[in-house]
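*Asks:* The lines below spell out each chain.
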Amino acid sequence: MIYDWLHNITGSAIAAAIIQSLLPLFIFILPFALFAVLLERKVSGHMQDRLGPMRVGYHGILQTIADIIKLIQKEDIVAAENDRRFFDLSPILVFAGSYAAFAAIPFSGAFIGSNIDLGIVYIVAVTGLVVAGILMGGWASNNKYSLLGAMRAAAQIISYEIPTLLIVVTVIMITGTMNLFTISEWQTQYFWNWLILGGPVFGTAKILLIPLMVISFLIIFLSTLAEVNRTPFDIPEAESELVSGYHTEYSGMKFAMFFLAEYANMFAVSAIVATLFFGGFQSPIGYLGNVFGVKWLIPIEQFFWFTAKGLFFVFVQMWLRWTLPRFRVDQLMAFCWKYLIPFAFVILILVGLITVLL
Amino acid sequence: MTTYDIIFYLFALVTLLSAFFVVTNRNIVHSAFYLLFTFFGVAGIYVMLGADFVAVVQLIVYVGGILILLLFGVMLTNKITNVDIKSGTIHALPASIVLGLFAGALAAAVLNTKWKIVASPETSSSTVSLGNMLINEYALIFELLGIVLLIALIGAASMARR
Amino acid sequence: MKTSEEIFNILKEKFGEAIGELVSDKPAESVIVVSPMEIDKICLFLRDEKDLEFNSLMNLSGVDDANGEKVKDENGNEILKGGTLSVYYHLESISLKHKVTLKVSTDRENPEVASVEEIWRTADWHEREAFDMYGIKFLNHHNLIRILMPYDWEAGYPLRKDYQNPEFYKGMKVPY
Amino acid sequence: MALKTEEMVLNMGPQHPSTHGVLRLELVLDGELIENVIPHIGYLHRCFEKHCEAMTYPQVIPYTDRMDYLASMYNEFGYVVAMERLMNIEVPERVQYIRVIMGEFQRIASHLVALGTYGADIGAFTPFLFCFRDREKILNLFEITCGARLLYNYMWIGGVSHDLHADFIRLANEFIKEFRPNLKELNDLLTFNQIFIDRTANVGILPAETAINYGITGPNLRASGVKWDLRRDDPYSIYDKFDFEIPIGKGEKGTTGDCWDRYYMRVREMEESLKIIEQALDQIPEGDVSSAIPKRVKPPVGQIYARVENPRGELGYFIISDGSLNPYRIKVRAPSFVNLEVLGELCKGHLVADVVAILGSIDIVLGEIDR
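Protein chains in written order, with the numbering used here: chain P, 1 to 358; chain G, 1 to 162; chain C, 1 to 176; chain A, 1 to 371.
Mixed in with the good hints there might be a few duds.
In silico BS3-like links for lysine-lysine, alpha-carbon gap of 27 Å or less [said to hold, decoys possible]: (1) K72/C / K137/C; (2) K12/C / K137/C; (3) K103/C / K161/C; (4) K2/C / K298/A; (5) K2/C / K50/A; (6) K250/A / K227/A; (7) K103/C / K348/A; (8) K241/A / K227/A; (9) K50/A / K103/C; (10) K161/C / K298/A; (11) K97/C / K70/C; (12) K50/A / K170/C; (13) K97/C / K227/A; (14) K137/C / K250/A; (15) K42/P / K250/A; (16) K184/A / K42/P; (17) K97/C / K2/C; (18) K161/C / K50/A; (19) K50/A / K70/C; (20) K70/C / K298/A; (21) K97/C / K50/A; (22) K253/A / K338/P; (23) K144/P / K50/A; (24) K74/P / K42/P; (25) K250/A / K97/C; (26) K275/A / K253/A; (27) K41/C / K2/C; (28) K50/C / K227/A; (29) K70/C / K41/C; (30) K12/C / K97/C; (31) K50/A / K81/C; (32) K173/C / K50/A; (33) K50/A / K72/C.
Computed list of chain P residues with no C-beta within reach of chain G, every gap over 12 Å [stated by the list, open to error]: (34) D49; (35) D83; (36) L93; (37) G97; (38) Y122; (39) M136; (40) L147.
Hints in this document: simulated from the structure, not taken from any laboratory.
Keep in mind that this is a model prediction, so the values were computed, not measured.
Glycine is no exception: its CB is placed at the ideal position from the N, C-alpha and C atoms.
Generate coordinates for the entire structure from the input sequences, incorporating the hints supplied.
*Replies:* Below you can see the structure in the form of structure tokens.
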């Protein structure tokens with residue numbers, strides 16, 4: 001594990017812990033956000049029959065860096081009627097919330113921020129911070145559009161947390177643990193052991209579980225999509241109605257924080273979906289490290305597979321965003337309460353029966 | 001003072017300070033936002049006590065649920081766009097007398113109690129034992145609570161529909 | 001399907017005095033001149049009568065006839081005194097496919113015309129525009145305020161022939 | 001139990017992404033439910049009608065371009081039709097064909113903007129760019145014809161400023177060939193998308209009676225089920241020579257006259273326009289395009305109200321001539337001006353998000369409303 005290694009080098013538990021907690025930020029979130037923004041623009045560009053950014057660097061690969069420099073240099077505009085203290089605090093809170101989620105995400109067999117037993121529940125809990133941050137930002141902006149956007153965001157995130165949690169509980173019932181690392185390990189290598197294909201069990205239970213797990217996956221994917229406010233659920237920041245929702249008034253670095261949090265969140269929910277249903281960091285086809293007998297290669301391969309799965313779901317999110325129109329706020333709520341939650345309940349009960357009886 | 005202590009005092013400070021702001025702030029929305037930090041600090045202290053499950057539940061229920069509900073309530077019932085959502089202080093004198101009495105009683109209790117000091121146990125996850133207790137030992141109470149909550153839910157729904 | 005002459009005759013029979021003359025000289029379209037205070041009743045009749053059924057008001061436009069005498073005001077600007085302002089109504093029946101044009105003329109100093117807003121809702125904004133541009137007051141209009149010009153425009157009615165561009169707007173110099 | 005709640009007034013615009021220009025909507029809200037919508041217009045007011053009185057008749061044409069800047073060709077079309085009727089000018093056959101081709105291309109271009117921005121209003125951004133891609137090609141066709149892409153000054157009284165480019169007919173046919181599949185793609189991507197249907201069907205229903213009473217014209221009126229098209233019912237130019245359908249709203253996905261019907265109306269009108277263009281390109285005769293242009297435009301005393309079927313509805317010009325070189329009075333009956341009036345009626349009882357959907361489906365251009 002990275003922690004032990006850091007402990008050995010620095011000789012101090014605190015330094016090791018701090019370095020380890022900063023690692024995801026610097027080696028993952030920031031580069032990922034840079035990459036994801038570019039990916040988003042390129043994906044949208046090609047879907048819309050155009051090229052996307054082409055000027056900065058080869059095929060525009062440095063575009064995001066140029067944008068970041070622009071954002072840093074920008075004047076930080078604060079309107080006179082804004083509630084200054086909370087206005088400043090809100091982006092930090094939102095970013096802290098999405099960053100905190102990364103602590104429990106197992107990137108590979110050798111690296112997880114904090115291998116706590118509560119893993120998945122902890123991630124759900126810290127999302128509460130994001131909700132509070134969004135409400136705070138919307139209120140402190142002192143702008144009707146921001147406030148409406150914040151209210152919608154909070155209502156939406158809270159509503160969609162219910163189906164997410166129900167599916168999470170279903171998964172916990174099957175795996176018997178809330179630890180994301182253990183869940184990943186449990187799904188062992190090779191794709192037929194993934195939870196979406198019934199997990200590493202055989203017999204009737206596996207066959208019965210497969211359809212349930214596919215539906216569970218769809219439910220949790222849709223509801224996490226709604227939790228990160230992506231199209232078709234991007235009602236809180238629907239630019240054609242609410243300009244850009246709760247971050248209408250933000251500019252410069254504070255806007256960049258919201259932006260960063262949004263992309264970090266996109267990856268976080270993709271990673272959760274990948275971990276719960278697609279074997280987490282496990283390779284679908286076995287490890288090269290095992291074949292050649294090179295043990296240190298395995299964590300790197302695992303990191304590769306994990307990122308690949310996460311990025312795939314990020315790509316799906318972008319794909320949906322540039323294809324679908326957006327729901328209306330009442331339709332969104334109806335979709336959650338009338339379809340997702342009842343289905344999730346039924347699955348919860350069926351899976352309960354299966355795990356007890358078989 | 002160990003690292004553990006420093007972190008503990010940090011959380012305690014956050015909890016107390018934000019609780020102080022909650023009470024003294026004149027703007028209700030501000031108070032509600034400060035409550036967020038109080039809950040957060042309390043969750044931190046739960047973690048220090050080895051009750052990680054309770055801490056997480058504290059965050060989910062209080063920060064994710066009750067606080068948001070509170071904010072919604074405050075924002076929707078007042079003129080939302082104006083900042084002047086104020087709460088004044090009334091009956092300062094009787095309140096301070098009652099408060100003084102209570103504080104004195106508490107202080108006396110704290111000072112007169114013989115505290116048993118034990119070495120802090122190895123922190124380990126409490127989730128498994130908590131689950132076992134809920135299902136085995138306190139199964140009846142657990143089920144009863146569930147039924148009570150269900151009744152409350154049905155009642156709320158029927159009232160909302162009327 | 002009826003021609004302007006037939007419609008004129010029907011109206012003349014029904015309303016008598018309120019209907020003026022029928023002006024028709026080619027290439028211009030025929031226009032029935034009616035009384036400004038009776039226009040609402042005439043329009044209601046035109047809309048509801050079985051074989052007329054003018055269910056659509058295509059257009060309503062004010063016109064400054066500029067037939068008064070030219071005088072100088074205290075600032076030396078030439079303004080018009082007396083004469084008339086007119087309103088043209090272009091009606092059409094979507095079901096019977098015939099058209100008619102009505103015209104009312106009203107006193108320039110105190111221009112008042114009965115509103116047809118209740119008859120065709122579309123007249124609401126048209127009448128507001130005519131009020132905005134010519135200052136023609138439409139009686140019984142529910143919300144006769146300026147529509148295209150700023151609500152607090154004080155320099156008069158811009159489409160009148162003797163309109164003077166204001167030098168200042170709310171104390172600000174207006175550069176031309 | 002009805003709770004008495006406080007109303008909230010939300011100003012939408014003048015700078016708002018989906019008011020399609022500088023329009024201010026005063027929304028009176030009860031929560032997110034609309035109680036009333038009051039449009040405030042006039043932000044683009046240039047007093048076009050006053051300008052005209054200082055211009056000679058041909059000089060008015062560039063001003064008409066600037067009213068509905070998405071359908072400039074058709075504004076000119078309406079004006080020249082009115083002037084030619086007033087002056088009794090016989091226009092050469094070839095000019096008529098060119099005008100119809102340009103007018104119908106302009107209708108497609110304008111509808112493409114309407115559909116694309118409507119998609120963007122509903123939250124689908126990709127159709128917007130697809131539509132603009134195709135519109136660009138039409139603008140290229142205009143560019144090779146008259147050198148301008150947005151404001152053309154192309155149709156003159158009695159003729160057109162330039163004859164067609166030698167390649168025009170080939171390029172136009174090529175465009176039609178590639179545009180038909182694109183239209184199908186648009187339908188697959190947006191029109192029949194279930195979310196899109198949920199957002200637009202049964203929203204902002206405009207019954208035929210109300211529509212006529214409010215003076216609604218064009219696609220919006222036809223979407224309410226009234227078969228009324230000036231190209232067929234009050235023919236001008238040579239529209240009576242072509243074979244085309246007049247689509248009407250049938251309420252396929254909801255109720256007749258809802259937002260989806262208004263949207264789909266435009267898709268079907270584009271198909272009909274393509275038919276007209278194909279026929280016109282086939283039949284266009286040779287000839288001189290400037291032979292009937294008068295040296296001096298001096299119409300006789302009189303007044304005329306002439307109207308054409310603009311992409312947005314009935315565009316009428318009321319022209320009074322006093323026999324001089326300058327118009328005495330020009331009043332424009334702008335379709336968007338009249339169509340916008342009904343917005344308050346349509347929005348009542350809907351949600352804030354629906355205002356955007358309804359406003360987009362009416363398809364307004366502020367340059368024309370404010371003039």
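*Asks:* Against each hint, give a clear statement of whether it holds in the structure.
*Replies:* Evaluation of the provided hints:
Simply put, K72/C and K137/C have alpha-carbon atoms about 25 Å apart, close enough for the 27 Å limit, and the pair holds. Straight-line distance between C-alpha atoms of K12/C and K137/C comes to about 26 Å, which keeps the hinted pair within the 27 Å bound. Proposed proximity of K103/C and K161/C is supported: the alpha carbons are some 19 Å apart, at most 27 Å. A threshold of 27 Å between alpha carbons decides the hint, and for K2/C with K298/A the separation of about 32 Å lies outside it, so the pair is violated.
With a CA separation close to 35 Å, the supplied pair K2/C and K50/A exceeds the 27 Å bound. Proximity of K250/A to K227/A is assessed by CA-CA distance (about 11 Å); at most 27 Å being required, the pair is judged to hold. For the hint pairing K103/C with K348/A, the CA-to-CA distance comes to about 35 Å; that exceeds 27 Å, so the pair is violated. Pair hint K241/A plus K227/A holds up; C-alpha atoms about 19 Å apart against a cutoff of 27 Å.
Simply put, K50/A and K103/C have alpha-carbon atoms about 21 Å apart, close enough for the 27 Å limit, and the pair holds. For the hint linking K161/C to K298/A, the alpha-carbon distance of about 21 Å falls within 27 Å, and the restraint holds. Taking the CA atoms of K97/C and K70/C, the gap is near 43 Å; set against the 27 Å cutoff, the hint is violated. Taking the CA atoms of K50/A and K170/C, the gap is about 22 Å. The hint holds against a cut of 27 Å.
Restraint check for K97/C and K227/A: the C-alpha separation of about 12 Å stays at or below 27 Å, so the hint holds. Proximity of K137/C to K250/A is assessed by CA-CA distance (about 41 Å); at most 27 Å being required, the pair is judged violated. For the hint pairing K42/P with K250/A, the CA-to-CA distance comes to about 40 Å; that exceeds 27 Å, so the pair is violated. In summary, the hint linking K184/A to K42/P is supported, as the alpha carbons are separated by about 25 Å, within the 27 Å threshold.
This hinted pair checks out: K97/C and K2/C have alpha carbons roughly 9 Å apart, not beyond 27 Å. For the hint pairing K161/C with K50/A, the CA-to-CA distance comes to about 9 Å; that is within 27 Å, so the pair holds. Distance check on the hinted pair: K50/A and K70/C sit about 20 Å apart at the alpha-carbon level, within 27 Å; holds. Proposed proximity of K70/C and K298/A is supported: the alpha carbons are some 26 Å apart, at most 27 Å.
Taking the CA atoms of K97/C and K50/A, the gap is about 32 Å. The hint is violated against a cut of 27 Å. In summary, the hint linking K253/A to K338/P is supported, as the alpha carbons are separated by about 22 Å, within the 27 Å threshold. Simply put, K144/P and K50/A have alpha-carbon atoms about 39 Å apart, too far for the 27 Å limit, and the pair is violated. With a C-alpha separation of about 24 Å, the suggested pairing of K74/P with K42/P holds against the 27 Å cut-off.
Only pairs whose Cα atoms come within 27 Å are accepted, and K250/A paired with K97/C is accepted, the gap being roughly 23 Å. A C-alpha spacing of about 26 Å is found between K275/A and K253/A, which places the hinted pair at or below 27 Å, so the restraint holds. Note on K41/C and K2/C: the hinted pairing holds, with a Cα-Cα distance of about 20 Å set against a maximum of 27 Å. Distance hint between K50/C and K227/A is fulfilled; the C-alpha atoms sit about 21 Å from each other, no more than 27 Å.
For the given pair, K70/C sits about 35 Å from K41/C by alpha-carbon distance, which is inconsistent with the 27 Å threshold. Simply put, K12/C and K97/C have alpha-carbon atoms about 22 Å apart, close enough for the 27 Å limit, and the pair holds. A threshold of 27 Å between alpha carbons decides the hint, and for K50/A with K81/C the separation of about 20 Å falls inside it, so the pair holds. Straight-line distance between C-alpha atoms of K173/C and K50/A comes to about 21 Å, which keeps the hinted pair within the 27 Å bound.
With a CA separation close to 22 Å, the supplied pair K50/A and K72/C stays within the 27 Å bound. Non-interface call for D49/P relative to chain G: holds, since the shortest CB-CB distance, roughly 42 Å, exceeds 12 Å. Not every Cβ of chain G is farther than 12 Å from the Cβ of D83/P; the closest lies at roughly 6 Å, contradicting the non-interface assignment. Not every CB of chain G is more than 12 Å from the CB of L93/P (nearest about 8 Å), against its label as outside the interface.
Chain G draws G97/P into its interface by the beta-carbon criterion, the shortest separation being 10 Å against a cut-off of 12 Å. For Y122/P, the non-interface assignment is contradicted: its Cβ lies about 5 Å from the closest Cβ of chain G, within the 12 Å cut-off. Chain G draws M136/P into its interface by the beta-carbon criterion, the shortest separation being 6 Å against a cut-off of 12 Å. With a closest Cβ-Cβ approach of about 6 Å to chain G, L147/P is found to fall inside the 12 Å limit, against its non-interface label.
When the structure is compared with the earlier hints, violations turn up for hints 4, 5, 7, 11, 14, 15, 21, 23, 29, 35, 36, 37, 38, 39, 40 and for no others.
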